[in-house]
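Enquirer: For reference, the chains in residue letters:
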Amino acid sequence: MDKKRRDFLKIAGATTLAGLGGSVVVERLVTGEAPATARAAHEVDPAVGHGHARAEAGHEPVPHGGGHGHEIRKTGKRLGMVIDLRQFQKHPELIEKVVHACHAEHNVPSFPNKKDEVKWIWPTEYAKAFTEHSDYYRNSVILENEVLVLCNHCDEPPCVKACPTRATFKNKDGIVAMDYHRCIGCRFCMAACPYGSRSFNWRDPRAGLDMNHINRRFPTRMRGVVEKCNFCAERVGLGKQPKCVEACGTSKAMVFGDLNDPDSEIRKVLKDNFTLQRKPSAGTHPSVFYIV
Amino acid sequence: MFEKALKGNKYYWMWLAFLGTFMAIAAICYLRQFNYGLGLTGMSRDVSWGLYISQFTFLVGVAAGGVMLVLPYYIHDYKAFGRITILGEFLAIAALLMCLTFIVVDLGQPMRMLNVIFHAQPRSMLFYDMIVLNGYLFLNILCGWVILTAERKEVPPPRWIYFFVYLSIPFAVSIHTVTAMLYCGLPGRHFWLSAIVAPRFLASAFAAGPALIVVVALILKRVANFDAGKKAIDKLATIILYAALVNVFFVGLEFFVAYYSNIPGHKHTLDYLFFGVNHHGHVYDNLVPFMRAFLALFAVGVALLSIPYTRRKSDFWLGAGCLAIFISFWLDKGIGFVLGGFVPNPLNEIVEYYPTANEIFIVLGIWAMGFFILTVLYKIAISVEHEIEA
Chain E
1012 MDKKRRDFLK
1022 IAGATTLAGL
1032 GGSVVVERLV
1042 TGEAPATARA
1052 AHEVDPAVGH
1062 GHARAEAGHE
1072 PVPHGGGHGH
1082 EIRKTGKRLG
1092 MVIDLRQFQK
1102 HPELIEKVVH
1112 ACHAEHNVPS
1122 FPNKKDEVKW
1132 IWPTEYAKAF
1142 TEHSDYYRNS
1152 VILENEVLVL
1162 CNHCDEPPCV
1172 KACPTRATFK
1182 NKDGIVAMDY
1192 HRCIGCRFCM
1202 AACPYGSRSF
1212 NWRDPRAGLD
1222 MNHINRRFPT
1232 RMRGVVEKCN
1242 FCAERVGLGK
1252 QPKCVEACGT
1262 SKAMVFGDLN
1272 DPDSEIRKVL
1282 KDNFTLQRKP
1292 SAGTHPSVFY
1302 IV
Chain P
4 MFEKALKGNK
14 YYWMWLAFLG
24 TFMAIAAICY
34 LRQFNYGLGL
44 TGMSRDVSWG
54 LYISQFTFLV
64 GVAAGGVMLV
74 LPYYIHDYKA
84 FGRITILGEF
94 LAIAALLMCL
104 TFIVVDLGQP
114 MRMLNVIFHA
124 QPRSMLFYDM
134 IVLNGYLFLN
144 ILCGWVILTA
154 ERKEVPPPRW
164 IYFFVYLSIP
174 FAVSIHTVTA
184 MLYCGLPGRH
194 FWLSAIVAPR
204 FLASAFAAGP
214 ALIVVVALIL
224 KRVANFDAGK
234 KAIDKLATII
244 LYAALVNVFF
254 VGLEFFVAYY
264 SNIPGHKHTL
274 DYLFFGVNHH
284 GHVYDNLVPF
294 MRAFLALFAV
304 GVALLSIPYT
314 RRKSDFWLGA
324 GCLAIFISFW
334 LDKGIGFVLG
344 GFVPNPLNEI
354 VEYYPTANEI
364 FIVLGIWAMG
374 FFILTVLYKI
384 AISVEHEIEA
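In order, the protein sequences belong to chains E and P. Take the first sequence: its position 192, counted from the start at 1, is 1203 in this note's numbering, and no numbers get skipped. Take the second sequence: its position 126, counted from the start at 1, is 129 in this note's numbering, and no numbers get skipped.
In isolation and in its complexed conformation, chain E is listed as follows (with noise of 0.2 Å):
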């Protein structure tokens, strides 16, 4: 209760400081503790069972994609996946299996209207996923094999500060979630997006699912709700790993870790392979990087 009337007099004195004009301010005070609040309700505890969370993070520098200025690396757990091309050019096979996976595991509708499509993670032509690069006489290996798209679980993730109902938002392992149930479907998050990675109900989804084949595990969700890759929260937090590097096998095509933490597989495989990420220019810092 107390901690009710707290949340409520921050958002009233924001407010009031906002009416004074003084949004530097609201800013300064509303960074790092509202998200906090928001977090508290709907946490999936991602340190269960799942290695130790460093607070330190290492001195090699992180590697990214465009050159576009630098990353505050900040302390603590942040999720991210790197996406190797190579192998997927050597195993096309895999990114349809990738898809499907997924898209089983998540419940996830498929509609015979492009109007009403839903997707997690697709395959897209490269030009499409790197709209900032040159495909100008691009290697025709690049350029005829696709590229999986996803929710990029940005580190500055715009959808989050879109959303007036904080019905998305960012969790401390960097994963950031849905909630279904809070989401008003104002859809701003969609237009905030600069990956087109999120998907809206605009029907009832469950009337583009088998009913009989569903996963029990997950939920199914409703009509005018928001809804996008989740990193597999669900699964990280038992430990798993997210459901698309289950389907990859053997082949490393995905591989998924800390990025704050300097022992993980994944900072071996950034440091040792020149990676991309998608529009690095709008400074969310995507957590997904392309080995191309």
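A portion of the hints provided could be inaccurate.
[Said to hold, decoys possible] Mimicking SDA-like on lysine to any residue, the simulated pairs with C-alpha atoms at most 25 Å apart in a straight line are:
1) E:1125 / P:350
2) E:1125 / P:111
3) P:270 / E:1145
4) E:1139 / P:357
5) E:1251 / E:1110
Since the hints were derived computationally from the structure, they do not count as laboratory data.
Since the structure of chain E is provided, determine the placement of chain P on it from the hints.
Expert: Chain P in isolation, oriented as in the chain E frame:
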């Protein structure tokens, strides 16, 4: 004072019945949408806001435009606006109610809309939009009603109301600024990511709002025996003309930045809106006629408002000029700006949006609701004026 809205001639009732029919049709269409979901609209994951939000954006401007009457009258003591200031305030009420209705019909889960308050997120621009829109609505209801009541009693308005009148002026600016910030703070949407969006919104608002007031005032002169006064109308025409020119100047600046810098992200949407784009052999240009009509009607409107004969000697041509400006800026902001911003999508794909019949009827019904409210409010205001004169 509400009883004044209940007495009217047969044309008054026929007009209300006409609007009521559209409202009833829209109510049925909305029930269908409520039961099925927003899939009944033409929106998709690529064009995720459609006519509802674009109408909302335009009407915020119409609401803010009322300040062009309030400000000269209360700050500069421009007496000629005395009779029509109330028209500006009541127009703001009707426009804001339309805005709020457009937001509600656009929500996927309207029953949860109070989450915006229960789980407020002060980093979201929608949070501030909610505050300023409702605040401005409250201020206009309060000021309009108190001042009209005082007028009816033929006493000067109470002094405390001036605090709220003055407060309503920055609020008018803020509603459209914050609405612009819904768009211009989003990374990765190049067309919207421009600092000139808010000034451009305000300029178009200060033309479109007063333009509608002039059109309505000229109609009221014929049907309700209410004369706003030649001086007031002429001053309004000046305001509309300058604001309209400034708006299109800002649009021109967008063109310069895009095409001179030659940055693809900046050019893409303008190409799509004004020229159509050829993408893998398919031409996408469904908004081009609207945007060309925007420029053509703007030119017609500016001509009619600047030529002395059409502006001063003929109510018909003056009204036509204002109507041209109003429709022109509706095409610009109520169609092109919001819908165009989604093309191309973040993956540089082009998906075009076609509203469905169900969606269009809901839009028409909400517009009808706005004009219904406007008619009733203006009826009250004018009846009070007539009562004083009698």
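Enquirer: Has the given pair, residue 1125 of chain E with residue 350 of chain P, been kept, meaning a C-alpha gap of at most 25 Å?
Expert: At roughly 16 Å apart (the allowed maximum being 25 Å), residue 350 of chain P and residue 1125 of chain E satisfy the hint.
Enquirer: Verify the proposed pairing of residue 270 of chain P with residue 1145 of chain E, using a straight-line Cα cut of 25 Å.
Expert: At roughly 17 Å apart (the allowed maximum being 25 Å), residue 1145 of chain E and residue 270 of chain P satisfy the hint.
Enquirer: Given the hint that residue 1251 of chain E pairs with residue 1110 of chain E, does the C-alpha gap stay at or below 25 Å?
Expert: Within the cut-off at roughly 18 Å; holds.
Enquirer: Against the 25 Å threshold, does the CA-CA distance of residue 1139 of chain E and residue 357 of chain P hold or violate the hint?
Expert: holds, 24 Å
Enquirer: So if I understand the rule, the pair passes when the alpha-carbon distance is 25 Å or less; does residue 1125 of chain E with residue 111 of chain P pass?
Expert: holds, 19 Å
The structure shown violates none of the earlier numbered hints.
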